[in-house]
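Asker: Chain residues, written in single-letter form:
There are 2 protein chains.
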Amino acid sequence: MELYNFFRSSASFRVRIALQLKGLAYDYKPVSLVKNEHLTPGYGALNVARLVPLLKDGDTSVSQSLAIIEYLDETVPEPPLLPADALGRARVRSLALDIACEIHPLNNLRVLRYLVGPLKVAEDDKNTWYRHWVETGLAVVEQRLAAAPSRYCHGDTPTLADCVLVPQIFNAQRFDCGLDHVPQVMRVFEACMAHEAFQRAQPSACPDAS
Amino acid sequence: MELYNFFRSSASFRVRIALQLKGLAYDYKPVSLVKNEHLTPGYGALNVARLVPLLKDGDTSVSQSLAIIEYLDETVPEPPLLPADALGRARVRSLALDIACEIHPLNNLRVLRYLVGPLKVAEDDKNTWYRHWVETGLAVVEQRLAAAPSRYCHGDTPTLADCVLVPQIFNAQRFDCGLDHVPQVMRVFEACMAHEAFQRAQPSACPDAS
Chain A
1 MELYNFFRSS
11 ASFRVRIALQ
21 LKGLAYDYKP
31 VSLVKNEHLT
41 PGYGALNVAR
51 LVPLLKDGDT
61 SVSQSLAIIE
71 YLDETVPEPP
81 LLPADALGRA
91 RVRSLALDIA
101 CEIHPLNNLR
111 VLRYLVGPLK
121 VAEDDKNTWY
131 RHWVETGLAV
141 VEQRLAAAPS
151 RYCHGDTPTL
161 ADCVLVPQIF
171 NAQRFDCGLD
181 HVPQVMRVFE
191 ACMAHEAFQR
201 AQPSACPDAS
Chain B
1 MELYNFFRSS
11 ASFRVRIALQ
21 LKGLAYDYKP
31 VSLVKNEHLT
41 PGYGALNVAR
51 LVPLLKDGDT
61 SVSQSLAIIE
71 YLDETVPEPP
81 LLPADALGRA
91 RVRSLALDIA
101 CEIHPLNNLR
111 VLRYLVGPLK
121 VAEDDKNTWY
131 RHWVETGLAV
141 VEQRLAAAPS
151 RYCHGDTPTL
161 ADCVLVPQIF
171 NAQRFDCGLD
181 HVPQVMRVFE
191 ACMAHEAFQR
201 AQPSACPDAS
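Heads up: the protein sequence lines correspond to chains A and B, in order.
One point on numbering: in my numbering, the residue at position 135 of the first sequence is 135, and numbering is uninterrupted.
One point on numbering: in my numbering, the residue at position 40 of the second sequence is 40, and numbering is uninterrupted.
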């Protein structure tokens with residue numbers, strides 16, 4: 001398998017965690033978002049959305065980080081990244097989507113570029129925007145984790161929700177977001193970072209880290 | 001089952017389509033986003049994220065539209081809303097996420113309110129922002145559908161991807177987005193709207209429609 005990704009892309013980081021949790025070897029194919037390598041015709045031929053990550057598995061490829069992780073979980077079932085029961089799976093997916101739909105899309109590179117470009121938003125206002133969605137979005141996750149606390153987001157083993165939570169915290173720390181209001185979130189984050197799969201997948205461990 | 005939702009919310013519309021496709025009866029619980037009913041303490045007690053839709057099923061509840069649809073598909077398998085093969089499921093989920101993560105989060109009500117509120121973005125610029133993400137996002141979906149055309153987004157029966165696509169087109173039409181560049185998308189949209197489940201779920205058919 002080949003993973004087209006970028007060390008600092010949090011959607012890429014999600015999939016790297018899942019691959020590490022599954023113990024799957026893969027070829028790391030760096031695509032620099034800073035150098036706009038994702039916008040080249042070569043990458044566009046691989047992924048029409050021109051987003052990372054993209055998983056190539058033989059002749060086929062899968063885009064969208066959550067779809068990739070579900071695909072990995074279906075094709076390599078052990079260890080499972082979703083609980084055995086439908087309600088548990090719903091909770092894990094819902095927590096993952098609380099971040100993947102409500103926080104991250106508002107703060108990715110192309111959106112920040114649109115704010116300061118066409119909308120001429122000042123740098124300070126852009127950073128306030130960033131922190132607003134992170135801090136309010138994580139407050140929701142905090143309440144949900146506090147309502148049913150466990151070592152990881154859901155239960156005693158890492159799931160899809162943890163794959164999505166951890167990269168969001170890396171982003172939050174990089175942009176100086178307030179995190180004092182989310183102690184349960186940070187407790188789960190620390191539990192994840194004590195797990196070697198999360199350590200190995202983190203941006204600083206990537207071959208294209210700079 | 002009870003569905004807390006709003007007739008014009010496209011995330012709500014996705015779940016209504018899934019419920020109709022499954023032939024499931026449910027109590028329609030209107031939550032007006034325009035009247036800020038989702039921000040009341042009463043609704044907050046049901047859903048800490050204060051977003052619609054929310055599915056209540058007995059003592060339990062599920063939030064996030066895609067998680068709800070996966071939950072429905074697991075608990076009421078017929079007719080399936082995901083293909084039988086892992087690669088097909090990955091494609092359907094990825095298409096759904098191309099809309100649910102790349103288009104819709106940028107255009108929902110709270111984001112538009114933040115643009116014109118704190119960021120003081122002019123009405124025209126807000127509408128350009130809206131159309132930008134719809135038009136560029138649907139162009140990606142168009143290329144993906146054109147690469148493997150079928151009656152619906154994937155195959156001859158509606159899937160999760162169609163549940164997500166159709167509400168996005170309703171939004172696009174409401175905000176006068178360009179759609180001439182996405183003929184495959186519109187062909188699939190027409191096929192869906194010829195299906196009575198989509199007809200029954202549409203905003204104008206809802207009890208709270210205004």
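Simulated from the structure, these hints should not be mistaken for laboratory data.
Wrong hints could be hidden among the right ones.
Quick list of the computed label-pair ranges, beta carbon to beta carbon [said to hold, decoys possible]:
no., chain 1, residue 1, chain 2, residue 2, range
1, A, 27, B, 88, 22 to 28 Å
2, B, 131, A, 173, 32 to 38 Å
3, A, 113, B, 176, 22 to 28 Å
4, B, 116, A, 45, 36 to 42 Å
5, B, 23, A, 146, 48 to 54 Å
Heads up, the beta-carbon is just placed ideally off N, CA and C, and yes, glycines get one too.
Asker: Give a verdict on every hint.
Answerer: Structure-based check of all given hints:
1. 27(A) / 88(B): 22 to 28 Å: 25 Å, holds
2. 131(B) / 173(A): 32 to 38 Å: 34 Å, holds
3. 113(A) / 176(B): 22 to 28 Å: Taking Cβ atoms as reference, residue 113(A) and residue 176(B) lie about 24 Å apart, which means the hint holds.
4. 116(B) / 45(A): 36 to 42 Å: 39 Å Cβ-Cβ, so the 36 to 42 Å window holds.
5. 23(B) / 146(A): 48 to 54 Å: Hint violated: Cβ distance 37 Å, outside 48 to 54 Å.
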